[in-house]
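Undergrad: Sequence:
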Amino acid sequence: MDLRGLLLLIGIAVVSQAAAVVIDKPGVYYGISAERLIINASNVAVFNTTVKGGYVEAALPQGMTAYRIKPAMGCVVVTGRNITLAGIRVNCSSGILVFNSSRVRIEAMTAQGLADLQVYRRGLGIYIYNSSDVLISKADLAYFHDCIYAEYTQSLDISGASARYCRYGAHVMFSKGVRLRESSFSDNYVGVALMYSDDVVVSDVKSSGNREWSEGYGFLLAELRGVVKNCKAVDNVHGFYVMYWGNTALKITNCTVEGNYFGVTLRGRNATGVEFIGNAFRGNVVQVMHIGLGELSTAARFVGNVWGGHVTARPYQYISVFSDLMSASEGALAFLAASPSRFAIDSAMGRVIIVDEAPRPDQLQTPALLLLALLPLVLIWKSK
Numbered sequence: 001m002d003l004r005g006l007l008l009l010i011g012i013a014v015v016s017q018a019a020a021v022v023i024d025k026p027g028v029y030y031g032i033s034a035e036r037l038i039i040n041a042s043n044v045a046v047f048n049t050t051v052k053g054g055y056v057e058a059a060l061p062q063g064m065t066a067y068r069i070k071p072a073m074g075c076v077v078v079t080g081r082n083i084t085l086a087g088i089r090v091n092c093s094s095g096i097l098v099f100n101s102s103r104v105r106i107e108a109m110t111a112q113g114l115a116d117l118q119v120y121r122r123g124l125g126i127y128i129y130n131s132s133d134v135l136i137s138k139a140d141l142a143y144f145h146d147c148i149y150a151e152y153t154q155s156l157d158i159s160g161a162s163a164r165y166c167r168y169g170a171h172v173m174f175s176k177g178v179r180l181r182e183s184s185f186s187d188n189y190v191g192v193a194l195m196y197s198d199d200v201v202v203s204d205v206k207s208s209g210n211r212e213w214s215e216g217y218g219f220l221l222a223e224l225r226g227v228v229k230n231c232k233a234v235d236n237v238h239g240f241y242v243m244y245w246g247n248t249a250l251k252i253t254n255c256t257v258e259g260n261y262f263g264v265t266l267r268g269r270n271a272t273g274v275e276f277i278g279n280a281f282r283g284n285v286v287q288v289m290h291i292g293l294g295e296l297s298t299a300a301r302f303v304g305n306v307w308g309g310h311v312t313a314r315p316y317q318y319i320s321v322f323s324d325l326m327s328a329s330e331g332a333l334a335f336l337a338a339s340p341s342r343f344a345i346d347s348a349m350g351r352v353i354i355v356d357e358a359p360r361p362d363q364l365q366t367p368a369l370l371l372l373a374l375l376p377l378v379l380i381w382k383s384k
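Just so we're aligned, residue 1 is where the sequence shown starts under full-length UniProt numbering, counting upward by one.
Derived from the structure by calculation, the hints contain no laboratory data. In this text, all values refer to a predicted model and were calculated from it rather than measured experimentally. Worth double-checking, as some hints may not be accurate.
Said to hold, decoys possible - Only pairs whose alpha carbons sit at most 30 Å apart, straight line, appear in this in silico DSS-like list of lysine-lysine:
1) Lys176 to Lys206
2) Lys229 to Lys176
3) Lys138 to Lys206
4) Lys232 to Lys206
5) Lys25 to Lys52
6) Lys251 to Lys232
7) Lys229 to Lys251
8) Lys206 to Lys251
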């Protein structure tokens, strides 16, 4: 038996410098370098691999064409069970497609699309379709349409991810058992988009500076059932944009919402399942915008939040006329809210948008107010 046969026998293969590589047998593979990589087998582990496909997409091999996969499928295609990709580097207009698979691990991955390619022509960095028990750990992605996109998937765990310069940083739809944690999304159109999914937990995620193209969303959440906790929405157009039509059960807690144009945007009908509990809202031009469909006030619940400048435990009312103006104009009059006189106009003409019956005092404002209160005493002392 030659050396190659021996390696295959013990489940280890080394493949290098090939234009396209197809793995259709179980085994452990090291050091693959290819323009395209297709894994059409179970019980496969691939380590330290480089795929440089440029603007080339991987065609699905015969036997996979029964599945209707969206365009821009991927320079790496995976279908099977018990698949591990570790230490993989992808430089391609489309990254990794995982479909109809289970127990897939993608670890220590870097992927970069083509920065000069228009966003609508880019593919997906990681595309998970109709799969289960998928883990993505320590993935660094940039310059795709969606850096990470998953749909119709159960038990998806994303941790330690970083996504930049994409239309969507992480985008999950029609899925169940989603965990997104300890990750960072910046300079995208949408940092995190989670829609029509159940049993979702998002924790320790920072979504910042997402204001590319015409708008930018830190967290875009639609008809979601789950929890968002210990997260940061900073320096976006919309910090949290929440859409609901009566099937939402969403708690947002212990998050920092700071420096956004709109801290929270609520849109839809019947927000009885939406709760903001124990968060900190500071430095947002508009704290809350309500776009109600046939309802004047939102049923979303706000309790125990910090509101910038509100230094007592008395109930906090957010009063605004600009929220209504921007709702009616779909944001076209947003520039008016930047006017220095808007606070006086809000007080005189605005209506109550939300009420927090038990806010936490803003401790950061207390020293400044104390100095202001002591100023007359200082002036009297100096005049003597």
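Undergrad: Evaluate each hint against the coordinates.
TA: Okay, the hints, checked on the actual structure:
1. With a CA separation close to 22 Å, the supplied pair lysine 176 and lysine 206 stays within the 30 Å bound.
2. A C-alpha spacing of about 18 Å is found between lysine 229 and lysine 176, which places the hinted pair at or below 30 Å, so the restraint holds.
3. Among the hinted pairs, lysine 138 with lysine 206 is consistent with the structure: their alpha-carbon atoms are about 15 Å apart, no more than 30 Å.
4. Straight-line distance between C-alpha atoms of lysine 232 and lysine 206 comes to about 5 Å, which keeps the hinted pair within the 30 Å bound.
5. Proximity of lysine 25 to lysine 52 is assessed by CA-CA distance (about 23 Å); at most 30 Å being required, the pair is judged to hold.
6. Between lysine 251 and lysine 232 the alpha-carbon distance is near 15 Å, which keeps this suggested pair within the 30 Å criterion.
7. Restraint check: the Cα-Cα separation between lysine 229 and lysine 251 comes to about 8 Å, which is no more than 30 Å; the hinted pair holds.
8. Annotation: proposed proximity of lysine 206 to lysine 251 holds, straight-line Cα distance about 17 Å (limit 30 Å).
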